[in-house]
Structures are given as structure tokens and as C-alpha cells.
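Quick note, the sequences are listed as chains F and H, same order. The first sequence finishes on residue 381 if you use full-length UniProt numbering, and the numbering steps up by one all the way, no holes. The second sequence finishes on residue 316 if you use full-length UniProt numbering, and the numbering steps up by one all the way, no holes.
Calculated directly from the structure, the hints in this document are not laboratory data. Since we're looking at a predicted model, the values are computed, not measured. One or more of the hints may lead you astray.
Taking lysine-lysine and the BS3-like style, the derived pairs with C-alpha atoms no more than 25 Å apart in a straight line are [as the list claims (entries may be wrong)]: (1) F/K370 - H/K208; (2) F/K370 - H/K39; (3) H/K39 - H/K148; (4) F/K231 - F/K130.
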Amino acid sequence: MSTGGDAPRRSAGGRFVDGLRTVDERRVAGLAGIRSRWRALPLVVRIAALAAVAVFFYLLPNLAIPLIPTPDTNFASVLFTVAVYVLVAVGLNVVIGLAGLLDLGYIGFFAVGAYSVAIFGSPASPLATKYPWLMLIPIAIAVSMVSGVILGGPTLRLRGDYLAIVTLGFGEIVRLIAVNWSITNGQIGIPNVPAPPGKFPDGSPLFGVIDTRPFYWLALTVVLICMFGVKLLENSRVGRSWLAIREDEDAAELMGVPSFKFKLWAFAIGAGLGGLSGALFASRQGFINSNSFDVLTSVLFVAAVVLGGAGNLAGVTLGAVLISYLPERFRGAAEYRFLFFGLALIAIMIFRPQGLIPSRRRAVELADRKREAEEEVTAGA
Amino acid sequence: MNFEFLFANIGDLTVTGLSQGAIYALIALGYTLVYGLLKLINFAHSEVFMMGTFGALFAWQLVGLHENNPIPSVPMMIVYLLVGLVGAAVWSGVTALAVEFVAYRPLRRRNAPRLVFLITAIGASLAISEAVGIATGRQQFGMPDLFKTTTLVTIGDAHITNLDLGVIVAAIVMMVVLDQFINRTRLGRGIRAVAQDSDTAALMGINKNRVIVLTFVLGGVMAGAAALLYNLKIGVTRADIGFLLGIKAFTAAVLGGIGNLRGALLGGLALGLVENYGSALFGTSWRDVVAFAVLVIILMFRPTGLLGESLGKARA
Numbered sequence: 001m002s003t004g005g006d007a008p009r010r011s012a013g014g015r016f017v018d019g020l021r022t023v024d025e026r027r028v029a030g031l032a033g034i035r036s037r038w039r040a041l042p043l044v045v046r047i048a049a050l051a052a053v054a055v056f057f058y059l060l061p062n063l064a065i066p067l068i069p070t071p072d073t074n075f076a077s078v079l080f081t082v083a084v085y086v087l088v089a090v091g092l093n094v095v096i097g098l099a100g101l102l103d104l105g106y107i108g109f110f111a112v113g114a115y116s117v118a119i120f121g122s123p124a125s126p127l128a129t130k131y132p133w134l135m136l137i138p139i140a141i142a143v144s145m146v147s148g149v150i151l152g153g154p155t156l157r158l159r160g161d162y163l164a165i166v167t168l169g170f171g172e173i174v175r176l177i178a179v180n181w182s183i184t185n186g187q188i189g190i191p192n193v194p195a196p197p198g199k200f201p202d203g204s205p206l207f208g209v210i211d212t213r214p215f216y217w218l219a220l221t222v223v224l225i226c227m228f229g230v231k232l233l234e235n236s237r238v239g240r241s242w243l244a245i246r247e248d249e250d251a252a253e254l255m256g257v258p259s260f261k262f263k264l265w266a267f268a269i270g271a272g273l274g275g276l277s278g279a280l281f282a283s284r285q286g287f288i289n290s291n292s293f294d295v296l297t298s299v300l301f302v303a304a305v306v307l308g309g310a311g312n313l314a315g316v317t318l319g320a321v322l323i324s325y326l327p328e329r330f331r332g333a334a335e336y337r338f339l340f341f342g343l344a345l346i347a348i349m350i351f352r353p354q355g356l357i358p359s360r361r362r363a364v365e366l367a368d369r370k371r372e373a374e375e376e377v378t379a380g381a
Numbered sequence: 001m002n003f004e005f006l007f008a009n010i011g012d013l014t015v016t017g018l019s020q021g022a023i024y025a026l027i028a029l030g031y032t033l034v035y036g037l038l039k040l041i042n043f044a045h046s047e048v049f050m051m052g053t054f055g056a057l058f059a060w061q062l063v064g065l066h067e068n069n070p071i072p073s074v075p076m077m078i079v080y081l082l083v084g085l086v087g088a089a090v091w092s093g094v095t096a097l098a099v100e101f102v103a104y105r106p107l108r109r110r111n112a113p114r115l116v117f118l119i120t121a122i123g124a125s126l127a128i129s130e131a132v133g134i135a136t137g138r139q140q141f142g143m144p145d146l147f148k149t150t151t152l153v154t155i156g157d158a159h160i161t162n163l164d165l166g167v168i169v170a171a172i173v174m175m176v177v178l179d180q181f182i183n184r185t186r187l188g189r190g191i192r193a194v195a196q197d198s199d200t201a202a203l204m205g206i207n208k209n210r211v212i213v214l215t216f217v218l219g220g221v222m223a224g225a226a227a228l229l230y231n232l233k234i235g236v237t238r239a240d241i242g243f244l245l246g247i248k249a250f251t252a253a254v255l256g257g258i259g260n261l262r263g264a265l266l267g268g269l270a271l272g273l274v275e276n277y278g279s280a281l282f283g284t285s286w287r288d289v290v291a292f293a294v295l296v297i298i299l300m301f302r303p304t305g306l307l308g309e310s311l312g313k314a315r316a
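Chain F on its own, in the form it takes in the complex (with noise of 0.2 Å):
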């Protein structure tokens, strides 16, 4: 890889390039300063910060904090779409941040999970099952699951972006389908999506319409739990594997790691955390038609991974946060936001392609990579 350090620091760019990486590397040293910091902490400090953030987190619709709530919309409603944005950015963050496999179409995944609750939940279904909320959410997973595993088993061998080119694909068809399908009729739609069990002690139920905040707590709470499984999943062997892959399959390959099977199980539980956010959003919802699953809010996942720093569980979070909230709390700025997430998608893979939180790891393979295109052209010249 890179030939040490005391390489001869020029670049091909002239001093702006320089200047620029100076500025990057800063940055990066602060970012680690941080995290080494952090890391420095007695565990037991960790624990009760992190407890401290998540309680903050639970709390946020009661408190009155001037500028963060939304002017126009009810806010306990905007923190439930971030809190579903945040868990499709963890799921897909497994697929593209870990396993390094460029998935344009999770929007699929996303739609399979709503639909398996509707269809399997909703009395206006034909397919409709009696089975309590409960149980729906576990069968959506599955469903969603064993999509990902179906998508995944022929295309995984493929190359990088003819995979992503095939994701897409299999996003719209999942979406035509929805569109062309009677049982998920289209536009139309499946109402009576069922929401999940619970009563006030008055008698009405607990995830009712009009207060939305026990959605808002109950989304909390699954996005921590998958946040802690899919920390858990990056320190494991399985995590490890997935990060070989992605820095290189070849040697991965040759050092044991059969790079097949890790990449399927990464495209499986992405899918399943797809699936679930999908299946949080149709209860909430309580009713989908094939207008929500399109192509652009695809992308706009990615964005969300790639902006915040796929890879790193704060970035993916940051990144899904951005996108969900500020079209939200900028109403009127709302119709810019698919040229605004454009734009920025292109600056930052110029500007800062590791993200705005990167993960060390893969910022480190990004500026090897530049070092090396910087030696082969000094070298050259």
C-alpha cells in the first residue's frame, strides 16, 4: 500500500490541494482527539453519558427548547419520521458503511416491510391473518429478510456498481409491483394498517393520531436496540469479515473469510432492519399506497449514510437526522431539499468523502488511495 510517510508530500493540484488536505488532515486529528478522549473515560462515565443522551432523547417532545421544535408540523410526529430515517440509516449503514455493497433500492426492503404489515395486518386486506401487532413485526422482518436474501443470492457476485444498478432496479420493481398489484392496490392503497397494543388507563389506545409521542418513544427505543445488536455485529467476527470485504475482497478471500456468505448476511440484516422501519412506518401510518416507496427517497437514504459518514453509527445518525429534519423544520425550503441533498452528495464525495463523521478506519483507505494517486503522478512527472 502507501511507501511510509517521509514520501515527498506534493500533489499534483498545486498548493490549493495542499492547503485543502492540511485543513482535512486538522480535522481528523480533532475528530480522533475526541475519540480518544472518550475512549480514556472510566466505562462507567460512558455508560451513565450515554444513558444521560438517550434520556435526552426520550424527553426531547416535552421539553420546550426554543429554535429545535417544528413551526409546522407537530413535532412528536417529525421525531418519529427522524427516528424511522435514523433506523433505515443504521440498517443501511450494515450494507454500504460495513460490508461495503452499494444498495440504491432499500426503499425496497423499506416498502416489503410496510406491506407485510398491511397486507397480513389490515382487515381491508384479502390475505389478512389475526395475528396480534406483535407478531406482524417479526413475520415483516422475516419477509423482508428472506427479499434480501432473494435479491442477494444471484446478484451479490456481481461487481460493485452493477450491483448498485441492480439494487435500484429491484427497488422500482418492488414499487411497480406495489403500484400494479391488487392486493397492494396501488395508489389506492391499504388502509386500517393495525398499530401496536396498549391503552390509557382512560380506555383509549396508547398509539392513537392524535398524540404521537408513544410512537415517537417506542421507535426510540427499537433504534437503540439495533443500534446496540448492530455494534455489537461490527465488533464480532461477522463485522470484522464485513470490514475485510470491504477494504478487499480478493485478500479476504484468501485469508479465509468466505466473502460470499458474510455478504449475504449483511444484505439480510440490512433488510430485516429495512423491513422493520418500513413496518414501524406503515402502524404509524396506518395507511400506505405505492406513493411512499419511490426511487428519489432512495437515494435519499444513501445520502444519508454517505453525508453523515458511513461506517460510523453517530455519523449514519447525524446523516439521517439532517435529512429528515431540516426539510421538516424548513417548511418552506422543503422543495429544495432533493437539489440541496444532490448537491451536497456531490461536494462532500469531492470535499470529504469519509463524511462528516467518518469512520477512521475508512477515512484512512480513502487517503491511501489519494497518497497513491499523488506518488504515481510525482512520480511520473
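Got chain F sorted already, so can you dock chain H onto it with the hints?
Same frame as chain F, now just chain H:
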């Protein structure tokens, strides 16, 4: 499955399939050229095409041709066609160049991984289509009629209209010209050399960046031509037409063998046919599913396409 309908209308389905396929083929050229050279899926190419449809519209409005104008005389029609072609080609070419300079060039300098290119391309695609969408109020724009569509020949039950014939012939002529350009001229040789081995080509005195720029312009011009034909055939345009046509054209390119110019033509025509037959069989609402299914199946079973990937192999 409606086989009766398919066989009863097979002639007409073939004609419309071929003329739609011809448009796919012209767009597919842009994917294939850039891919052959840089191994990069230029996802923003769909928006290059979309810009072309608006370029032709602007050019026509500039010379005073509007949606509801009466059908012009034959000499004027030719003038208008040329004006539209120039407008579309310039607009598309400029868009393609802008994407190359703003988005791809900085990444190439840094030897960015493939997926970074693809994400950038998606960002560019999103940004362009949204910018146009906002600028045009997301409205649909109608095209002026340049000639009356009439049936020229009837073979069996196939009605071949002047429009379909014109589209197919124009596309094939453009492809032949491009093919000759790549195979016979100095610049074309440069493109093939860079596609084959860019480092060695650079040692032989080929200006790599100039070749890349030229390739983006060529792809853009072809997309412009496709845009003009699309305007004539479909008659309306919108800011969000790019995505679907782009992905179909990409399918066509992969179907024929990405990086292979003749493959793009073959793939485009084949996809147009398959799509039309498929929509006759399963119903028109499943038409796009057929196209995507073809893409998935091709990539799974023969990712090098029908003719193989070969821009670099001296034979375009």
C-alpha cells in the same frame, strides 16, 4: 398472459419497439462510451438526455416555433429539425461537460474508489433534474408538430409511419457515423487507445484529459440527438423523464455489452422489442417491470452482454 393480443399486433409492436429501441440505443451510446473509457457508470447521463429535450424546445422557441403553431412547410421543417438538433446537442453536450468538470475530474485526480464516482454521479443526476424541475415548475411541456404523422407502408399488419421510420433511420445513421468516427479518425484512435491502456496511451503522446472531454461531448451530442427524436416521437417532456429512460438506456448498453458501440445499437433495439412484446403479454402497466427484469437477468447470467465489452479491443 395475452398471447392472442401479442400475435394479432406483432407487426405494430415490432415497429414501435424498434423506434423506441432506437432512442434507447442513442442514449446507451453515452453510457457505453464513458464506461469503455473510464470504467465509470455515468449515472448523470440520463439528465444529459433530459436537458437535450429542453434544449431543442428552447431552440424552437427562440426561432419562434411554439407548441400550437401550424405544421410548417417541408423546407422549414428541415430547418426546424436542424435548429432543434443543434439546440439539443449543444445543451446536452454542455451538461455532459459540466458534469465531467465539476463532479468527475476532481475525483479522478484523487483516485477515488468506484463507488464514490457512482454516488457523485447520483448526486449530480438528482441535482440537475431537481434544478430543472424547480426552474420549470415541474410542468409538462408540449412540443410543436413539425410534420403530420402518416402511414408510409403497410407490411402485413405492420403500419410503418414516417415518424417511426425517420427515428429508426436517423438513429442508425448517427450510430454508423459515430462508429466510423471512432474507427477511422485520429481522435477516434485516441479514444480507443485510452480505453485500451490509458497509461501507455499517455506515453504515446495522447492527451488523456482531452480524450475524456471529447468522449463526454460525443456522448452528450448523441444524447441530444436522442432527445430530439424523443421530442418528435413522444411530443412532451418533463424534468423527471431522465431517470426511467436513463436506466432503460443503461439496460440497453449492458444488454449489448457495455463499452461496445455496436452492442449499444443491438441492445437498444432488442430492449425496445422485448419491452413492447412484454407489455403486450402482461399488460402495459407492467412494461417497466419487464425492462428492469431484463436488466437483472442479463447482469446475472451474462454480465458482459450479447456482444461482449470491447471498446478497448480495437474494434468499436
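Against the structure, the hints come out as follows:
A hinted pair counts as satisfied when its Cα atoms are at most 25 Å apart, and F/K370 with H/K208 qualifies at roughly 20 Å. Of the pairs offered as hints, the one joining F/K370 and H/K39 holds, with about 18 Å between alpha carbons and a cut-off of 25 Å not exceeded. Proposed proximity of H/K39 and H/K148 is contradicted: the alpha carbons are some 43 Å apart, above 25 Å. Taking the CA atoms of F/K231 and F/K130, the gap is about 35 Å. The hint is violated against a cut of 25 Å.
Checked against the numbered hints above, the structure breaks hints 3 and 4 and satisfies the rest.
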